[in-house]
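**Student:** Full structure from sequences and hints, please.
Chains as they are written, first to last, in this note's numbering: chain H, 89 to 162; chain D, 33 to 293; chain P, 27 to 392.
Simulated from the structure, these hints should not be mistaken for laboratory data.
From the three backbone atoms N, C-alpha and C, an ideal C-beta is built for every residue, glycine too.
Please note that a few of the clues may not be correct.
What the simulated footprint calls covered on chain D by chain H, stretch by stretch (three residues with Cβ under 8 Å from a Cβ of chain H suffice, anywhere in the stretch; the number is not a length) [as the list claims (entries may be wrong)]:
1. 57-67
2. 93-106
3. 216-224
4. 237-247
Listed below are the simulated SDA-like cross-link pairs for lysine to any residue, each with C-alpha atoms no more than 20 Å apart in a straight line [to be verified]:
5. H:Lys91 - H:Val159
6. D:Lys222 - H:Ala138
7. D:Lys266 - H:Glu103
Here are the in silico distance ranges between beta carbons for each label pair [unchecked claim]:
8. P:Asn250 - H:Asp112: 52 to 60 Å
9. H:Asp118 - D:Gly152: 50 to 58 Å
10. D:Arg49 - P:Gly74: 31 to 39 Å
11. P:Asn250 - D:Gly188: 17 to 25 Å
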Amino acid sequence: MEKWRIEEDRCKGCELCVEFCPKDCLRMSDGLNRIGYHTAELIKPDECTACALCAQMCPEIAIRIYRKVKVKSA
Amino acid sequence: MPEVQAEQTECVFDRPRALDSRPHHYCPGCSHGIFHRLIGEMIDEFNLFDTTIGIVPVGCSVLAYDYFDTDVLQASHGRAPAVATGIKRTLPDRFVFTYQGDGDLASIGMSETVHVAARGEKITIFFVNNGIYGMTGGQMAPTTLEGQKSTTSPAGRDVQHTGQPIDMCELLSSLSGVAYLARVPLTSPKHLNTARKYMRKAVRAQIEGLGFSMIEALCACPVQWGIDPKQALKHIDNEVVKVYPPGEYVDKVSGNGGKAK
Amino acid sequence: MPELRLVKGNEAICYGALHGGCDAFFGYPITPQNEVPEIMSWLMPKYGRFFLQAESELASINMIYGAAGVGKRTMSSSSSPGISLMMEGLSYIAGAELPCVLINVQRGGPGLGNIAPSQSDYFQAVKGGGHGDYNNIVLAPWNAQELYDHPRIAFDLADKYRVPIIVLTDAVLGSMLEPAQIPEEPPPIEVPPKPWAACGRGGRAHRNVINSLYLEPEVLSDHNDKLQAVYRTITENEKRWDTRLVDNAEFLVVAYGICSRIGFSAAKLARERGLKVGLFRPVTLWPFPSEALNEIMQRVSGALVFELSGGQMVEDVRLAAPGRPVEFFGKMGGVVPSPEQLCNEIFKAAEHCNAGSSSRTNRMCV
Chain H
89 MEKWRIEEDR CKGCELCVEF CPKDCLRMSD GLNRIGYHTA ELIKPDECTA
139 CALCAQMCPE IAIRIYRKVK VKSA
Chain D
33 MPEVQAEQTE CVFDRPRALD SRPHHYCPGC SHGIFHRLIG EMIDEFNLFD
83 TTIGIVPVGC SVLAYDYFDT DVLQASHGRA PAVATGIKRT LPDRFVFTYQ
133 GDGDLASIGM SETVHVAARG EKITIFFVNN GIYGMTGGQM APTTLEGQKS
183 TTSPAGRDVQ HTGQPIDMCE LLSSLSGVAY LARVPLTSPK HLNTARKYMR
233 KAVRAQIEGL GFSMIEALCA CPVQWGIDPK QALKHIDNEV VKVYPPGEYV
283 DKVSGNGGKA K
Chain P
27 MPELRLVKGN EAICYGALHG GCDAFFGYPI TPQNEVPEIM SWLMPKYGRF
77 FLQAESELAS INMIYGAAGV GKRTMSSSSS PGISLMMEGL SYIAGAELPC
127 VLINVQRGGP GLGNIAPSQS DYFQAVKGGG HGDYNNIVLA PWNAQELYDH
177 PRIAFDLADK YRVPIIVLTD AVLGSMLEPA QIPEEPPPIE VPPKPWAACG
227 RGGRAHRNVI NSLYLEPEVL SDHNDKLQAV YRTITENEKR WDTRLVDNAE
277 FLVVAYGICS RIGFSAAKLA RERGLKVGLF RPVTLWPFPS EALNEIMQRV
327 SGALVFELSG GQMVEDVRLA APGRPVEFFG KMGGVVPSPE QLCNEIFKAA
377 EHCNAGSSSR TNRMCV
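**Tutor:** This is how it looks when you write it as structure tokens:
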């Protein structure tokens with residue numbers, strides 16, 4: 089299940105998300121986005137706990153976090 | 033019929049409704065984006081979307097009227113608190129905030145800042161203190177640290193020549209019109225949680241009619257400081273907080289800053 | 027018919043504003059208009075409106091910007107040096123297309139000057155004291171009745187065109203005690219809807235932004251074209267003037283405000299002494315009633331422009347009537363000539379004009 093999604097073209101390569109991920113799940117890409125920055129990418133999706141600390145520190149609000157939630161249905 | 037537990041995927045972190053989706057023009061690692069988002073979170077949490085009127089300054093955030101999806105007025109340099117007064121006094125039921133940098137609030141607008149606090153205007157100021165003039169290319173600000181290099185203090189700020197940096201929380205805390213005053217560095221998720229607690233109280237100071245409130249955020253300006261975003265946050269945690277101690281300076285709001293009901 | 031009341035000029039301004047629907051007054055003390063904030067401080071709350079003494083004129087004009095930006099009828103009052111402080115704010119108000127009313131009770135300048143009367147802020151009010159290509163309507167009352175009427179109608183004009191309005195008066199008119207017809211209670215008024223106001227979305231489908239910043243040159247150019255179109259419409263529709271004794275006039279006095287009162291007396295005096303003098307009194311200094319003035323200038327031998335300044339409106343008189351002889355007489359610093367003195371100047375000026383030796387300089391010859 090996808091837990092982490094980035095809007096690549098908003099990323100300005102500040103690397104704060106990489107810095108603050110407690111599990112070192114992120115790194116900066118080799119390629120560049122449309123505005124010329126290396127962007128953040130998730131390299132360890134299985135270790136990601138969707139804690140959203142990366143998204144908290146992103147000044148561009150480029151990262152969305154998803155979790156599985158239980159819903160009751162009759 | 034037995035209850036069935038199903039699982040679905042939910043987005044648990046997204047842009048607040050109060051913010052426009054337009055990409056920001058700010059530099060990489062600039063704290064404006066984070067502070068904008070926190071304000072957006074407050075507007076959403078307290079259900080203020082339809083009653084918020086924001087006032088944006090002159091400075092890097094002059095274009096913030098593109099980023100807040102509430103009604104917004106753009107004010108001349110330093111005068112946002114006066115503009116806010118004209119609004120709040122004629123529309124007292126609105127949530128009125130200003131968003132100002134250190135030049136806007138502590139230099140050209142110092143008089144307006146002091147007087148809204150003195151009058152106890154029921155507005156909320158979100159103050160971005162990054163100790164430098166960003167938009168105009170990195171000149172010294174009233175809050176620039178001693179020894180800090182800027183384009184108008186190329187040898188480092190000489191306090192014999194320019195005076196000491198101004199501690200706005202200390203300055204304003206002597207005024208009885210102030211209901212809530214706090215300072216927080218925007219340097220880690222833990223500090224952002226503290227920021228949220230403080231910001232909730234600042235919002236409540238206004239909506240409960242207690243008086244003037246201000247949140248001073250210690251922010252990064254990596255480009256004009258000449259260091260990368262990660263180093264910039266460390267600089268705040270190591271050096272800036274020594275000059276501008278974080279904490280709550282005035283607190284006439286009850287409670288501990290828990291989430292709005 | 028509303029009863030006749032004896033009022034001070036500055037007092038009449040307050041009632042005019044109240045009856046014109048002023049929601050909020052923000053101002054700062056400065057002589058010779060202190061009666062305005064003093065009276066507003068109790069008059070406004072009495073009728074459920076808002077008053078605040080701001081910390082400076084700089085703050086006042088920005089409070090005006092805020093209140094106007096959220097759709098309120100709002101006004102400030104000051105005098106020359108304080109009006110100078112408001113000029114940046116006025117430019118922002120014009121650029122953001124906001125309505126407001128500003129009273130200038132002119133005093134001696136430049137700099138701190140004195141508290142005596144002057145008309146030396148004509149350029150500032152009419153040609154623009156603030157930066158940028160903007161105009162604002164300028165109304166020039168000449169008695170207590172107009173000091174009541176002009177602020178009252180100014181709010182309608184401001185809302186109609188979304189422009190600032192300056193009511194330009196002076197220390198004499200502000201202090202004069204005169205009868206004026208002022209209703210006991212504020213009459214009912216109609217305020218137009220303001221869908222553009224940034225008063226809080228309240229369920230609106232889109233946000234409203236009050237702003238004067240347009241970074242793209244093409245966009246700012248379009249915005250300025252739009253403002254200029256409004257100013258052209260105002261120029262076509264809002265010129266006001268008053269004439270006395272012009273039907274058979276041989277010579278003209280052109281003056282506004284207190285000078286037009288003295289000019290009227292001097293014209294009557296001149297007639298007793300054999301010269302048929304008339305008075306042309308612009309009531310809107312912007313838009314300047316050029317056509318009406320020029321029409322009369324064609325059939326008189328010349329005009330004497332009389333101002334309490336070094337010669338400011340005289341430039342617009344010359345522009346309005348090119349080629350016609352125009353003389354200037356003025357005093358600065360608060361020295362106010364008597365009708366007798368002005369009458370003597372009229373005769374001198376008429377002589378110059380008839381002899382074809384009309385002075386081409388703008389500045390006064392002492």
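**Student:** Could you run down the list of hints and mark each one as holding or not?
**Tutor:** Against the structure, the hints come out as follows:
no., hint, in the structure
1, 57-67, "holds (count 9)"
2, 93-106, "violated (count 0)"
3, 216-224, "holds (count 3)"
4, 237-247, "violated (count 0)"
5, H:Lys91 - H:Val159, "18 Å, holds"
6, D:Lys222 - H:Ala138, "16 Å, holds"
7, D:Lys266 - H:Glu103, "14 Å, holds"
8, P:Asn250 - H:Asp112: 52 to 60 Å, "54 Å, holds"
9, H:Asp118 - D:Gly152: 50 to 58 Å, "56 Å, holds"
10, D:Arg49 - P:Gly74: 31 to 39 Å, "35 Å, holds"
11, P:Asn250 - D:Gly188: 17 to 25 Å, "44 Å, violated"
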